[in-house]
Structures are given as C-alpha cells and as structure tokens.
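Number of protein chains: 4
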Amino acid sequence: MASMTTDVIAPASTIRAGFVGGGFMAAVHSRAARAARAELVGGTSSSAERARDAADRLGFEAAFDSVDALIADPGIDVVHVCTPNSTHASIARAALEAGKHVICEKPLATNAADAAALAALAAERGLVAAVPFVYRFHPMAREARARVATGETGRLLSVHGAYLQDWLAGSHDDDWRVDAALGGPSRAFADIGSHLADLVEFVAGERITRLSAKTRTVYERRATNADIATEDLVAVVVELESGAVGTLLVSQVAPGRKNALSIELSGTDASLRFEQERPEQLWVGRTGASTIVDRDPARLAPDAARLAVVPAGHPMGYQDAFNAFVADAYAAIGGAAPDGLPRFDDGLRAVRVTEAVLASAASGAWVEVAA
Amino acid sequence: MASMTTDVIAPASTIRAGFVGGGFMAAVHSRAARAARAELVGGTSSSAERARDAADRLGFEAAFDSVDALIADPGIDVVHVCTPNSTHASIARAALEAGKHVICEKPLATNAADAAALAALAAERGLVAAVPFVYRFHPMAREARARVATGETGRLLSVHGAYLQDWLAGSHDDDWRVDAALGGPSRAFADIGSHLADLVEFVAGERITRLSAKTRTVYERRATNADIATEDLVAVVVELESGAVGTLLVSQVAPGRKNALSIELSGTDASLRFEQERPEQLWVGRTGASTIVDRDPARLAPDAARLAVVPAGHPMGYQDAFNAFVADAYAAIGGAAPDGLPRFDDGLRAVRVTEAVLASAASGAWVEVAA
Amino acid sequence: MASMTTDVIAPASTIRAGFVGGGFMAAVHSRAARAARAELVGGTSSSAERARDAADRLGFEAAFDSVDALIADPGIDVVHVCTPNSTHASIARAALEAGKHVICEKPLATNAADAAALAALAAERGLVAAVPFVYRFHPMAREARARVATGETGRLLSVHGAYLQDWLAGSHDDDWRVDAALGGPSRAFADIGSHLADLVEFVAGERITRLSAKTRTVYERRATNADIATEDLVAVVVELESGAVGTLLVSQVAPGRKNALSIELSGTDASLRFEQERPEQLWVGRTGASTIVDRDPARLAPDAARLAVVPAGHPMGYQDAFNAFVADAYAAIGGAAPDGLPRFDDGLRAVRVTEAVLASAASGAWVEVAA
Amino acid sequence: MASMTTDVIAPASTIRAGFVGGGFMAAVHSRAARAARAELVGGTSSSAERARDAADRLGFEAAFDSVDALIADPGIDVVHVCTPNSTHASIARAALEAGKHVICEKPLATNAADAAALAALAAERGLVAAVPFVYRFHPMAREARARVATGETGRLLSVHGAYLQDWLAGSHDDDWRVDAALGGPSRAFADIGSHLADLVEFVAGERITRLSAKTRTVYERRATNADIATEDLVAVVVELESGAVGTLLVSQVAPGRKNALSIELSGTDASLRFEQERPEQLWVGRTGASTIVDRDPARLAPDAARLAVVPAGHPMGYQDAFNAFVADAYAAIGGAAPDGLPRFDDGLRAVRVTEAVLASAASGAWVEVAA
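Chains as they are written, first to last, in numbering that gives the first Met the number 0: chain S, 0 to 370; chain U, 0 to 370; chain D, 0 to 370; chain B, 0 to 370.
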C-alpha cells in the first residue's frame with residue numbers, strides 16, 4: 000500500500016481560529032480547521048443564543064456575543080467569515096483592520112469596488128486573506144492544471160463548462176441568497192458561476208477576456224421572497240486571452256442536478272474533462288486514444304499528489320478538498336507560499352466576471368471583463 | 000422475449016432508388032434502402048469509373064454515367080443525394096423537376112434562398128423531399144420528445160447542447176468540407192451544429208428565436224486547403240420561444256470526442272439528457288430521484304417503441320436510426336404520414352439557424368432567427 | 000470522414016437463403032441475410048398460416064408448407080434454423096443431409112452426443128455449419144481478442160464474467176424456453192451462459208477446463224408452465240487451461256438487467272473489460288493508467304477494423320454484429336475462411352460446458368469439461 | 000442549502016485515544032479520531048524512533064516506547080490497533096485485559112479460535128471492541144441495507160460481488176502482508192475478501208452458509224519474499240441462508256483496478272448495486288425502470304441520512320466513512336448503541352468465512368461456514 004502517512008500540512012505552530020456564522024459552511028470550515036489541527040477558539044452568529052448553539056454543535060471552545068467581540072479577541076489568529084453574502088465585505092474589513100488573517104466565503108463582496116478595497120487592504124497589512132474556491136483543491140483539478148501548464152494539451156481552443164444544481168428548482172424553494180438585499184445583485188452566477196469561472200481560469204492558466212451573457216429569473220416569487228430580481232440561470236459565451244472560445248451554463252433550477260460542476264478544455268493536442276461529482280478521475284481525450292487518469296498519487300504531478308491523502312480507489316471528496324484549502328491557508332499564515340491558494344485577488348476577479356455577466360445580460364452586447 | 004418480429008415498415012410496393020455520390024454517406028443510405036426492401040436501381044458519381052466502382056461496392060444494379068441520366072431514368076422513384084454540399088441544391092432541384100422524390104443530405108443548400116426555393120418546389124409538385132436529420136430516429140430521442148410533449152418536463156427553462164468531434168483536430172486533417180467553395184460558407188455549424196439545433200428543436204417542440212454566437216477558425220491552412228474561411232468551432236447562447244435559454248458548443252477540433260452530440264433540456268419539473276454515443280438510454284433528472292430509462296419497447300411512448308426493432312439490452316445504433324429514417328421516407332412516398340420525418344422545410348430551417356449563427360458571429364450582436 | 004464505403008463482405012455470388020421459424024430470431028436472421036445481399040427465397044413455420052404470415056412480415060419470396068418442403072427446394076443454398084431448442088438438431092441434420100449449408104440457433108442440440116454427430120456430419124459433407132455466437136462480432140470483442148493474442152495482457156490470471164437479464168424475473172413471466180421438453184435440460188446457462196462461456200474462451204484464446212457450479216430454480220410454476228426443472232440462475236467458479244481462475248454469474252431473474260453480458264479478463268500486464276450493452280468501448284486496465292479504447296477503425300486490429308462499418312462515435316449495435324456474423328457465414332459458403340466464425344464445433348463446445356455445469360450442480364463436485 | 004450543521008456525533012465527554020502502529024492505517028484512524036474531537040494522547044510503533052516520528056507526523060501528544068507502556072497509561076480510554084495482522088490478537092488481548100476499549104484492524108486474528116477468544120473477552124469485560132469494516136459507513140451502503148430490510152428488493156436471489164486491486168499486480172510488488180508469518184495464512188481474502196463478505200452479509204441481512212472456492216498464488220517469489228504461500232486471487236461460489244446463490248471474485252493482481260469493491264444483490268422485486276469507488280450513488284434495478292439514487296440526505300433512510308454530513312453532489316469519500324465508523328465506536332464507548340457498528344463478533348465472522356474459503360480451496364469440496 001502506498002505510504003501516505005503524512006497529512007497535508009504540518010503547520011509550524013497551532014493556528015487559533017474564530018468563526019463568524021453557524022450554518023452549513025461554518026460546519027465545513029470548522030471541520031477543516033480541526034483537521035488542520037487548529038485550536039477552535041470560538042464562534043459567533045446572528046444572536047448570542049445562536050452563537051452558543053453553534054459553539055455546542057461545532058465544538059468551539061467559546062461563544063462570542065458579537066462579531067466585534069470575536070474580532071477583538073487577541074487569542075484569535077484567523078477569522079473565518081461564513082455569513083450571508085452582503086455582510087462579507089464589512090466583516091472581512093473589520094477583521095483585517097484588527098490585524099487578523101481572514102478566510103472569507105465568496106462572493107468576497109457584492110461589487111468590485113468593495114472587493115478591490117479588501118484585496119488592497121490585505122496586501123497593505125501583509126495578512127493572509129483567502130477565498131474558498133475549494134474545487135481547486137481536488138487533486139485531479141490540480142492534475143488538469145499541471146497538464147495544461149506543461150503543454151500536454153497544446154494551445155487552448157475551446158471551453159465547455161457547466162454548473163447545474165436543483166436546490167432552487169421548485170417554485171417554493173427559497174433561501175436568503177434569493178434576496179438581493181442579502182445575497183447581492185447576482186445569485187446563480189455569484190454563488191456557483193463564480194466557482195465555474197475560477198476553475199476554468201485556474202486550470203486553463205489564462206483569463207476570460209470578453210463575454211456575451213443571457214440571464215433568466217424563472218420564479219419572481221418564492222415561499223418567502225417576492226419581487227425576486229436575482230437570476231436562476233445564466234448562459235454565457237466566453238472568449239479567453241489566447242482566443243479560445245466556449246460556453247458556460249449555470250443554473251440553480253436544473254432538476255436532477257445536485258452540484259454538477261464540469262469543465263472540458265480542448266486544446267490542439269488533447270482535451271481534459273473534470274467533473275466535481277466524480278472528482279477522482281480526469282478524462283484525457285486524444286484523437287488516438289482517450290485515457291481515464293485515476294487519482295493515483297504515485298503517478299500525478301507533484302502539486303496534485305501532495306493533496307492526495309489516501310491511495311487511489313479510496314474516494315476523496317468535498318470535505319477533503321476543503322481540508323486541503325484550509326490547510327494551505329494556514330500554511331500561508333505560517334509563512335509558506337502554497338501554490339494555487341485562492342486569495343482576495345481571486346475573490347475580486349470573481350466579482351469582476353460576475354459584473355461583466357450582469358452587464359452583458361442587461362445590454363445584450365459583448366462586454367470586456369475588467370483585468 | 001418480447002415479440003418484435005416486424006420491421007419498421009412494410010411499404011405497399013417496392014421503392015426503386017437511385018443514388019448520387021459514392022462515399023460514406025452513399026453507403027449508409029444504400030444499406031438503409033436495402034433494409035427497407037427497396038430495389039437499388041443504380042448510382043452515379045463524379046466520373047463514370049467511380050460510378051461503376053460505387054455500384055460494385057454498394058450493390059447497385061447499374062452505374063449511370065451522369066446525374067442527368069440517373070434522374071431521367073423512369074425506373075427510379077427516389078433519388079438519394081449524397082454529394083458535396085455545394086451541389087445538393089442543383090441536384091435536388093433537377094430531381095424534383097423530373098418528378099422524383101428526393102432524400103438530400105444536409106445542408107440542403109448553402110443559403111436560405113436556395114433552400115426555400117427547394118422546399119417550395121417539393122410542396123408544389125407534391126413530392127416527398129426529406130433531409131436526414133437522422134438523430135431524430137433514435138428511439139430514446141423520440142422518447143424524450145414524447146415526454147416533453149406530454150408535459151412531463153414542465154415549462155422548458157434551459158438547454159445544454161454540444162456536438163464535439165475530433166476528425167479535423169490535427170492541423171493536417173483535411174476534407175472537401177473545409178473548402179467554402181464545396182462545403183459552403185459554414186462548416187462546423189452547417190455540418191454538425193445543424194444536427195444539434197434540429198434535435199434541440201425537435202425534442203423541445205419549440206424553436207430557437209434569437210442567438211449570440213462566436214466562431215473560430217483554428218487552422219487557416221490544412222494539408223490541401225489554404226486561406227480557409229470556414230469555422231472549426233462555434234459557441235452560441237440561444238433563446239427559445241418559451242423564453243428558455245441555453246448554450247450550444249460545436250467543434251470539429253475537440254481531441255478525443257468522436258461524435259459527441261448531447262442535449263440536456265431542463266424544465267420546471269424534470270430534465271432530460273440524450274447522448275448520441277449512448278443512444279440506448281435517456282437520463283430523466285428530477286429533484287427527488289433521477290432515473291435511467293432503458294430502451295425497453297414495452298415501456299416507451301408509441302412513437303419511440305415503433306422504432307425499437309430489437310429488445311432492450313440489444314444495442315441499436317447509427318445504422319438502425321438511418322434505416323428507420325429511410326423507411327419512414329419511403330413510407331411517406333407510399334402515402335403514409337410518418338410522424339417526425341425531417342423534410343425540406345426542416346432543411347431550410349437548419350440553413351436559417353446557420354445563417355443566424357454566421358451573422359451574429361460577424362456582427363457581435365444578438366440575431367433573430369428567421370421564422 | 001474516414002472512408003468506410005464497403006460493406007463487410009462482397010460475396011462472389013448471391014446466396015439463396017431459407018428460414019425455419021418466424022419469431023424474433025428469424026427477423027434478426029432475415030435482416031442480416033438481406034444486408035448481406037442474399038436472396039430471401041422463403042420460410043416456413045409451425046403451420047402453413049404462420050409461414051405465410053412470417054413470409055409477409057419478413058419479406059420472403061415464398062412460404063413453404065413444411066420444413067421438409069423448404070429443405071428439399073433446390074433453389075435454397077443455406078437454411079437458417081430459428082425454432083425452439085429441442086428441434087434444432089433434427090432440422091439441422093435434415094438440412095445437412097439434403098446438402099444445405101446451415102446456420103442453426105444455439106443450443107445446437109440439447110445433449111453433447113447429438114451436437115457432436117451434427118458437427119461430424121457437417122465436416123463429412125463439407126458444408127458450412129455455423130452457430131450465432133454473435134457477440135464475437137462486435138468489433139471491440141475482436142479487439143479484445145487481438146490484444147490477448149498479441150500478448151498485451153500477459154499471462155491470463157482471472158476471469159470475471161456475468162450475463163444478467165430480467166425478462167423472466169416476474170413469477171408470471173413465461174416462455175417455451177422454460178419447458179425442458181422444448182428448451183432442453185438447461186435454460187439460463189444453455190440460453191445465455193453459453194454465450195458468456197463462448198465469449199470468454201474466444202477472447203481468452205483458451206478453454207475452461209474445470210468448474211464448480213450451483214444452479215437455482217426460483218419459480219417452479221409460472222403462467223403456463225408448472226413443475227419447472229430448468230434453472231433461472233447459475234453461479235460458477237471456473238479454471239482455464241493456463242491456470243487462470245474466475246467466476247461466471249448467469250441469471251434471467253435479475254431485475255433491471257436487460258442483456259448485461261460482461262467479461263473482464265485480467266492478465267499479468269493488463270486487464271480488458273467488454274460490456275455487450277456498451278459495445279463501442281473496450282476498457283484496458285493497467286496499473287499505471289487505464290484507457291478507454293473507442294471503436295475507431297483507424298486504430299483497431301485488422302480483424303476488429305474490418306467489422307467496423309461506420310466511423311467511431313456512430314454507435315454500432317446488435318443487428319450490426321448479427322449482420323457481420325451472417326456475412327461471414329455466407330463468405331464461408333462462398334469459399335472464404337473468415338477468422339472467428341463460430342461453427343458447429345463451437346456449438347458442440349457450448350453444449351459440453353453446459354453439461355459440465357449441470358453435472359457439477361447435481362453432484363456438488365468440481366467437474367472436468369470434456370475437451 | 001440543506002441544513003447539515005451537526006457532525007455525526009457529539010460524544011458526551013472527550014475520548015482519549017492511543018494508537019499502535021504508524022503506517023497508512025494509523026494515519027486514517029488518527030484523522031478520524033481528531034474529527035470525532037478525541038484527545039490524541041499518544042502512539043507507539045515498532046521502535047521508539049518510529050514512535051516519535053509517527054507522533055510528529057500524526058499529531059499525537061506523546062510517543063510511547065512500547066505497546067505495554069501505551070496500554071498501561073491510565074489517561075487512555077481506547078486503543079487503536081494498526082499493526083501487521085499477526086500481532087492484532089495479542090495487542091487487542093492485552094488492551095482488553097487492561098480495561099481499554101479497542102478498535103482493531105482486520106483480520107482480528109489469523110485463526111478463528113483466537114478471534115472467538117477475543118470476542119468473548121470483550122463481552123465479558125463489557126468493553127467496546129470494534130473492527131473497521133468501514134465500507135458499512137458509506138451512506139449509500141446503509142441505504143442499500145435499509146431497502147433490503149424494508150422488503151423493497153423482495154426475496155434475495157443472487158449476489159454478484161467483487162473486490163479487485165492491482166497494488167500487488169507486478170511480480171516485484173511486495174509487502175509484509177505477503178508473508179504468512181506476518182500476514183496470516185490468507186492474504187487476498189483476509190485483507191479484502193473479508194470486507195466484501197462483510198458488506199454482502201451486512202446489506203443482505205443474511206449470512207453466507209456454504210461456499211466452493213478456488214485460490215491462486217500467481218507469484219511465489221516477489222522482491223523480498225520467497226516461497227510465498229498466500230493467495231493473490233480467489234474465486235468463490237456462495238450460498239446464503241435464504242437459498243440465494245452468487246459469486247465473489249477477489250484479486251490483488253488485477254491491473255487497472257485500484258480498490259474496486261462492488262456488490263450487486265438481486266431479489267425477486269429489485270436489484271441493488273453499490274460500488275465503493277462511486278459511493279455517492281446506488282443503482283436500483285427494476286424490470287420496469289431502473290433508478291440512480293443520489294446521496295441526498297433529505298430522501299434517504301434515517302440510518303443513511305445520519306451519515307451524510309454534506310449535501311448531495313458534494314462527494315463524500317473514504318475518510319468520511321472512516322470518520323463515521325470511529326465516531327460511532329466512540330459513541331458506543333460513551334454508552335450509545337449505534338446501529339451497524341462492526342464489533343469483534345463481526346471480526347470473528349470474517350475469520351470464519353476466510354477459513355471456509357481456504358478449506359474449500361484445499362479440499363475442492365463445498366464447505367459449510369461455521370455459524
């Protein structure tokens with residue numbers, strides 16, 4: 000059996016983490032922090048009662064009464080921001096200003112100006128500021144990126160991407176994300192299209208430069224929200240730096256699709272396909288013979304192999320990827336420079352692509368994505 | 000074992016068929032004609048020698064020296080046109096004017112005006128005039144269409160379509176289709192995008208109304224062609240009559256993809272996915288539980304079941320679909336009105352969608368597809 | 000597009016075929032005969048009325064009143080035997096004695112002595128006598144065999160085979176095959192296990208030498224049959240000439256499985272997996288990287304490529320395989336020696352394996368398969 | 000998004016764990032212990048130096064010089080035994096005798112007598128004693144079991160199981176497991192066949208009663224081991240309590256198969272297929288229409304849903320399953336009675352099945368599995 004007895008990181012000293020928010024993402028963040036051997040100092044939420052409940056459920060040492068109190072605690076090194084979208088920017092700003100490292104859920108902000116200011120602030124203060132574009136942390140996504148980087152695929156020609164979900168497919172399905180006041184002006188694209196665009200650019204190693212988009216709001220009224228303005232689905236044609244063209248389809252109303260993020264990049268020499276729901280394999284298409292590459296650490300690129308903590312055939316999944324993201328962010332806090340860590344600059348980038356999508360959909364014209 | 004002992008059709012009297020062209024498609028057409036129990040009267044090709052060779056290979060009773068001679072033969076009821084694209088319209092016109100039924104390869108013409116004139120001529124003469132949008136004849140494509148028609152999918156929301164091939168992926172791969180003088184002004188879209196658009200509209204039961212497209216010519220010089228102007232790949236955002244939106248990606252330069260035509264339609268109640276390379280199954284996506292529907296004649300819609308000539312688990316394929324298309328066209332010649340037979344109106348429709356794609360790609364603007 | 004404009008065979012002169020039986024298999028045989036450009040002289044069935052009906056449905060020139068009359072017709076070269084199992088041997092014998100070539104459905108006979116006598120008779124008369132082990136005629140099954148033969152898989156170590164169906168899964172599902180008087184003493188194994196064993200031996204290039212089997216009759220009473228003695232499912236451990244070992248599971252009562260024939264052979268260097276329901280691909284497993292080999296004629300072994308009548312990505316299926324089988328059988332009648340044609344010796348072999356299975360199941364001991 | 004904000008367990012008080020061994024399995028155990036919020040008190044290994052290395056790598060508070068010292072530590076509640084097979088029994092015995100709870104890697108012992116004695120000792124002392132048949136902890140394996148238990152599959156008819164790996168496929172691949180002195184008299188079956196048999200019985204809810212097996216040692220000499228007597232592959236026919244029959248194929252020399260554990264159970268009403276390498280789905284086969292059931296907590300049986308810690312479409316994997324196993328074992332230590340926890344009785348059961356396999360292979364006869 001392959002000898003994989005070391006965990007992803009061995010941070011120099013114990014990281015002391017605090018958590019804002021007590022929902023699903025806070026649970027995922029806190030598991031990853033624990034796996035990275037952090038001290039889970041405490042958490043806070045939208046009320047003191049909820050903060051205590053979250054602390055009990057998630058195993059925090061303490062519950063804080065307010066975000067301010069948590070941020071002010073000198074025993075906390077890093078703040079995980081796991082709250083509704085519209086609050087990300089202000090909490091992240093406060094944490095950075097208090098000298099804390101920050102791991103902030105996406106979208107980093109609901110407009111590019113705020114996101115840019117946060118990225119600048121983090122840089123100015125020399126703090127680690129990361130955004131969980133977590134799908135970058137599947138070993139086979141790294142393997143895809145490494146193969147593009149070494150030229151195996153040749154010049155990029157086309158991109159075929161989709162991110163399809165169905166958790167808002169029913170007319171009564173509802174969530175705070177649906178409300179623009181809490182979720183921001185974009186929903187489907189900001190929520191999941193941003194992951195798709197990030198993964199395309201991460202693997203391709205080049206940027207989307209121009210796009211033509213169409214958005215659609217299927218249900219203008221849901222269980223608790225009315226006058227809904229945020230989009231349920233988005234269809235986009237994109238052009239990349241190298242001249243590659245492609246399509247992105249993003250939907251939260253696609254019955255039967257749970258979390259179907261897929262990208263297929265075709266170059267002059269080979270194609271690569273990665274599917275988040277089957278993250279253990281990478282399809283490598285060649286005119287001669289196509290190949291399924293298994294996540295076998297012994298045969299992957301180093302940056303992919305280092306994320307493989309169990310042997311091939313023992314499936315790794317979403318929490319494993321999240322664990323690797325947090326481990327790398329903590330390693331950065333410890334002074335390392337892990338490859339591919341998504342930082343606030345990447346969070347800003349996602350907001351810019353989202354704004355281009357909304358602008359194109361509004362104008363019916365091609366729009367350049369701000370560099 | 001299910002009792003499927005009757006072939007798709009039992010035409011009233013024997014159809015007498017003639018074939019123009021001697022390449023791959025002529026072979027496919029002639030096999031289908033034989034399966035439909037036609038008399039394979041004769042064929043012609045680009046030279047008398049080639050005509051004799053094709054007649055020998057494909058089992059025609061006679062070789063004709065010219066298209067004119069074949070069309071003039073009173074012993075021929077139907078002419079199969081299997082020649083390079085730029086010649087389709089003139090041969091089809093001559094055959095119709097001679098009172099022959101016509102089965103003409105797509106694209107029916109290289110511009111909409113010619114295609115419209117042909118459709119009008121066929122209607123005026125009361126002749127059967129069909130275009131092989133053959134993917135309509137997979138039982139599970141029919142099943143998908145039937146499920147949309149009965150409302151199982153609800154209101155259509157999104158379309159996710161692709162048609163990816165790699166037979167022109169090498170810079171030296173070449174073909175007459177690459178030359179606009181023979182193949183027409185569009186290549187990838189006219190050749191395969193037309194199949195994709197036809198299948199989307201056929202299954203959805205509604206039309207693409209507007210689109211925004213981007214085309215790309217990767218290789219401007221191939222083995223024998225230079226100054227190539229026809230596109231290798233196309234990315235499109237489409238809007239349909241009902242307001243559904245979606246993406247279509249079409250490429251002949253996607254390494255590892257052989258004939259990867261796929262459509263996924265998502266409605267308010269269910270999604271459907273059909274893949275031409277796995278034509279024996281239909282994925283039905285529902286928020287609750289998704290289902291794989293096998294091609295089991297006992298459980299399909301009547302229009303799907305009638306095309307199933309072997310039991311479930313005994314794969315049907317491309318030639319079976321082509322056989323069903325020709326059988327239905329011959330049945331129409333015999334006076335029947337088979338559901339879903341693609342006629343010259345459908346060939347015209349495909350040219351109009353193709354022209355809209357080229358127009359949008361040229362202007363960078365959304366373009367309405369002519370009704 | 001690859002140039003595949005020739006059909007599998009071009010027989011020297013037209014073969015004149017007669018058909019005994021009018022059910023599903025007669026339809027499949029007759030389509031294949033037509034595709035091979037035979038003259039479909041006539042057919043007969045269990046009554047004169049049924050014979051006329053079959054002739055109408057299947058497009059035969061004439062209906063014969065009796066098997067004897069059909070066999071006696073000097074205008075018939077080859078007799079296709081498509082009747083219930085228990086009648087195969089006597090009809091095949093009569094046809095051979097009348098100097099006809101024979102294509103006889105499996106099982107060739109319901110005991111090895113009869114099958115051996117038929118094989119000897121065919122050899123003595125110098126007649127072509129074939130049994131439709133049709134799964135041999137999928138190009139990728141041939142490709143698998145070619146790869147084993149050239150040593151790509153190394154020494155054979157294990158065999159993992161299954162043939163699962165569900166058409167008898169309901170307690171009321173019934174058929175003449177269930178009745179030992181018509182179907183013979185074995186049902187599931189004689190019917191489909193024989194295909195599985197044949198394909199394993201055909202691809203492996205070596206024989207099953209010993210086996211230990213367990214059979215089970217789930218329903219002793221069905222809609223019209225009672226006191227049912229024939230087995231619904233069989234589980235077998237096999238040993239092959241080279242010392243390879245493996246398992247075969249055969250069932251006609253496996254809900255959801257339509258015609259799930261699969262074989263996976265593992266050798267010292269590589270594994271191969273072929274699934275009849277996905278016949279267009281071959282999985283090649285290697286410790287380093289596994290590969291999906293598409294049915295791309297340009298890249299297959301010659302014996303596989305010659306059976307590929309459409310390009311990669313245009314699915315071939317069951318009828319295509321059957322067409323190739325009949326074409327090869329007719330080519331043999333025309334004097335050719337096509338590789339891999341299953342003859343009466345192979346039909347005898349299947350009966351011997353079946354008898355070993357029944358013997359082992361009865362005794363509870365390992366049984367040698369007669370050579 | 001579904002609200003899954005609670006981890007699998009919330010143990011009443013912190014469990015204090017000690018670890019014997021420092022290899023791959025110790026890493027997996029220790030991650031699971033950390034995820035369950037245990038205190039990782041310390042570990043030991045085959046030397047003091049290795050113990051310190053393991054403690055550093057795996058994040059233990061202390062390194063113990065010897066197994067005896069670790070077991071004697073009053074600050075340890077539970078001992079995880081992750082050493083070579085031949086040492087399991089003696090370490091587990093010592094730990095139980097010291098009043099510690101034990102989680103012991105399989106095989107629990109290298110013979111049934113030792114395993115039975117351990118199970119008896121654990122019962123007598125009232126200690127939790129578990130064996131990581133970890134594949135029981137995939138939510139969809141639980142879902143399969145729940146569906147069998149509620150009668151959805153009907154009476155069980157057949158079992159189709161396999162466990163195929165390739166990490167010993169090369170003649171030079173080697174490991175302590177190959178040496179019977181360290182690994183015990185059975186290798187492939189004890190190592191992985193035991194998982195397969197356990198999962199079959201766990202899901203089916205009934206036991207294997209009789210079997211006929213064939214084993215094979217492909218390489219009698221590897222890199223460091225010679226005169227190898229332990230088997231590389233095993234083929235088995237099994238019979239279960241209800242009369243169901245089936246096949247099990249187990250191999251560690253199957254090129255391209257990494258950890259391919261699969262079971263397919265067919266009953267009178269439905270079939271179920273679970274594949275460990277794709278643990279997020281369960282195939283439910285029915286004659287009418289087959290279904291893919293996604294791991295969607297909202298729609299699973301309670302015992303499956305409680306193991307689902309992230310929403311559908313966010314893949315769970317091997318470590319998640321292991322975390323759930325350890326969480327349940329710790330919950331049992333805390334006084335709970337988690338359903339489906341594999342205890343020493345199950346470890347004994349696996350040894351008995353293994354001994355039956357070896358006995359049948361040696362004698363060539365059917366063997367009853369000791370109850």
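These are computed hints drawn from the structure, not numbers from a lab. Just so we're clear, the structure is a prediction, and the values are computed from it rather than from any experiment. C-beta: ideal position from N, C-alpha, C; glycine also. It is possible that some hints are incorrect.
Some chain B residues near chain S, calculated using beta-carbon distances under 7 Å [to be verified]:
{"#": "1", "residue": "G58"}
{"#": "2", "residue": "A61"}
{"#": "3", "residue": "V217"}
Calculated Cβ distances over 12 Å to all of chain D for the following chain S residues [to be verified]:
{"#": "4", "residue": "S45"}
{"#": "5", "residue": "W175"}
{"#": "6", "residue": "L181"}
{"#": "7", "residue": "T208"}
{"#": "8", "residue": "R209"}
{"#": "9", "residue": "P337"}
{"#": "10", "residue": "D338"}
{"#": "11", "residue": "R342"}
{"#": "12", "residue": "D344"}
{"#": "13", "residue": "S362"}
Here are a few chain U residues that face chain S, going by a calculated C-beta distance under 10 Å [to be verified]:
{"#": "14", "residue": "R124"}
{"#": "15", "residue": "D165"}
{"#": "16", "residue": "R209"}
{"#": "17", "residue": "G339"}
(request) Report the numbers of all earlier hints that the structure fails to satisfy, in ascending order. (result) 2, 3, 14 and 17
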